[in-house]
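Chains as they are written, first to last, in the numbering used here: chain F, 7 to 515; chain D, 2 to 331.
Please note that the accuracy of each hint is not assured.
As the list claims (entries may be wrong) - Taking lysine to aspartate or glutamate pairs in the DMTMM-like style, the calculated list, with each CA pair at most 20 Å apart, reads: (1) F:Lys374 - D:Asp199; (2) F:Lys238 - F:Asp217; (3) F:Lys337 - D:Asp199; (4) F:Lys167 - F:Glu129.
What the hints assert, rightly or not - Examples of chain F residues toward chain D, derived with CB under 7 Å: (5) Pro332; (6) Val336; (7) Leu342; (8) Pro344; (9) Gly351; (10) Gly355.
Think of the hints as simulated: they come from the structure by calculation, not from any bench. Heads up, the beta-carbon is just placed ideally off N, CA and C, and yes, glycines get one too.
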Amino acid sequence: MGLDPFLSVRGVSKSFGGVRALKGVDVEVLQGEVHGLVGANGAGKSTLIKILAGVQPPDAGTVLIDGDPVAIHDTQEAGRLGLSFIHQELNLVPKFSALQNMTLGLPKATRLGFIDWSATRREVGPVAERVGIDFSLDEPVGNLSVADQWLISIGRAMVRKARLIAMDEPTASLSAAESERLFRVVRELSDDGISILYVSHHLEEILDLCDTVTVFKDGERVATRERRSITKDSLVRDIVGGELAGTPQTSRPTAAEARPMLEVRDLRRGSAVRGVSFGLRPGEILGFAGLVGSGRTELARLIFGADRAEAGEVLLDGEPVRFRDPHDAVKHGIGLVPEERRSEGLVLGKSVDFNTNLASLPSLRFGKWLPLTDRRKSTGRAAGVAEQLSIKAPGVDTVVGQLSGGNQQKVVIGKWLIRDSRLLILDEPSRGVDVGARAEIHNIVRELAENGTGVIVISSEEEELIGLCNRILVMAQGRVTGELAGEEITKEEILRLSYARENGSEGGA
Amino acid sequence: MSVETEGSTLKGSGGRRAVSLLARYGTLAGLAVMIVGFSIASPDAFPTFSNLVNIVNQVALTAIIASGLTVVLIVDELDLSVGFGASLAGVLVTGLMVRQDLPVLVAIVAVVLVGGLVGVVNSLIVTKARVNSVVATLGVGTILIGFNYAYSAGQPIAAGLPDSFFLISLGTVLGIPNNILIMAAVLTVLWVLVNRTDAGQRMQAVGGNAEASRLSGIRVDRVKISAFVVSGMCAFLTGILLASLIGSGSTDAGDSYLLDAFAAVFLGSATLRDGEFHILGTLVGVLIIGVAFNGLSIFGAPTFYQYIFQGGILVFAVALSTIARRYAQA
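Taking the hints into account, I'd like the entire structure generated from these sequences.
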């Protein structure tokens, strides 16, 4: 391993709107080292990667390669500088062969104006061998496993003479054996002097593979440490930051010992949700914590009937229910405030009136058999809910696309208030919502629970769950890794469980 | 649908508002300019009461087929089978009366129901097999041509039609031609359906954002099916009235309605609203096309002008609608 830094990032900052995603971070990646980059959701890892890849320019700071400052204007420039990026989605063309994918967009040897594939094959062959490709290069990539596709992606970087390869969550959809194979390739590349920037939520992997680990938190670099000076516990401490003491609790009344209104038993779908069980009592606010991709959103969609479960049971008031689509769930009094507000929650081109009444259209009729809608009733309800939730809009006929994020979110919630939902699932309720509206939304949720509504809150912000929930289930890799209630609810515990691996599926009900 | 981009910096700027106004009232202004222009250029032939009634009468059928099509566009799909459906309806309704000796009313009701069935087939291909609606309805429309020729052997069906059938199109009530009254009735029903019923709210929601609608408990597929049924029934009703008007069931009489209807619907979507499809706008679109064609024929423009105009206005209408929608993005 050389000791010269290949890549230096100095004082790089980046803001989006008013949010400071990176606050003057420094990172140094030595030649031939495997450098781990960890941090909770929103710590700034992706932002740094995007800056290095030339997708976004930094607001301040410099990037140096081999000690020379460089300006990375676009992705081609990043490639010329020897930086290569492999994202979770891999960006391969499924119908093209491995060979075609590895050489995509590169000038190739030609004969009489046609691509000379046999010459190309001779060039690529050694690279393929080096990254451990043991299958035919003519195989369409779509037929190959994700693990093999990773090898092709690495090969593609090598063909481009990459000197640093950044990998984002490479093992997210790999088995243990496949991961091991990938690690071997990564170590060999590092021995050959290629630097690896390894982004992962899996701390075991980081400890296994990396020579150096940098921890980000809230857009700042918390620490850069050598492997031998870290343990998993010290890493978690760095990720959580100085807030090790349990966050002070306001009084946290546990919900009345009523029988659960919702019971979920061993719900499964693919690798996203792998056997989840829990119960929810009326008036309870149940939080779901975990890292992005831990299966929380997918679980919510299964309960709501938006996706079909492959196995498991959902019981409402003790009765098994099977929802074919969200229509069934809505009929049973369940409401979902989805993660993607603009694309899943709202008809942006329509009014507050239209959107808040969307889940309750039949009840707007003048009579059961008279399909004409009572527009006064519709406007009255919308105005009522707008006042109740203090939706700031010029009027109920205002188009929701013109409202702020917080007011849009209130419109989505209002839709379920008008429907009188008795079970509300909120997925990232305060994402893209300003601080004031966020507090208001939290008050609305508390008020609903006091009136007997069962509430499930999914959030990647631990503080939000801590402030809001009676009980928190933490998910990791499609399973519930732990349940926290009362005094046990601390940010540290939540994060520890978020990084837990294969701890079984017990924890709820 | 990709109708969401951040455009907050432009929001409310003067230029933007001007373009929006131009799009909203441009079509109405165009209609007014045409009427005034034709009246000045041809004061004896154009602005007479009988010619104006004649124009509305001529566009009545286009208005019916186009408003059915509007409903499909509201749910964000397309129906290219309407013209071929209208042709088949003319052949079917005359054949049922001449060959099967069915009473006029029974034949008409049966054929309108067949139109509904065609809509069901279209929509099932679109919603269940997930075939793009352009391809699905073009395929179904072509199959309808096949049925049409199989039934009629390519020959117009005219002999032996009862007089009462012709009277549908030729009769008047209080001096107003029946076709205009039928058009008014159909458009009123569809306007109420779209704007004043929960079914119509669902259609608008599905067209605005299908996924958000689904997650609000709306059964998106059913909404789309009902829209295609409306479109099919309107197309077949148009075909029936056309057969009554021209006095026979002819194999390709309705085909050309497809382009006129599309042009009208897209012109209409740029009228009064920003690229949103609506029944009243479609009526304006139909009138624009009707007035323009009427003017062309009064001035004795050769046939090739009509095709150039027809193709040109279709492209122009869709462009106008697209521009209006782009400027409406908030």
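Practice item. Against the earlier hints, flag every one the structure doesn't satisfy and list their numbers going up. Key: none
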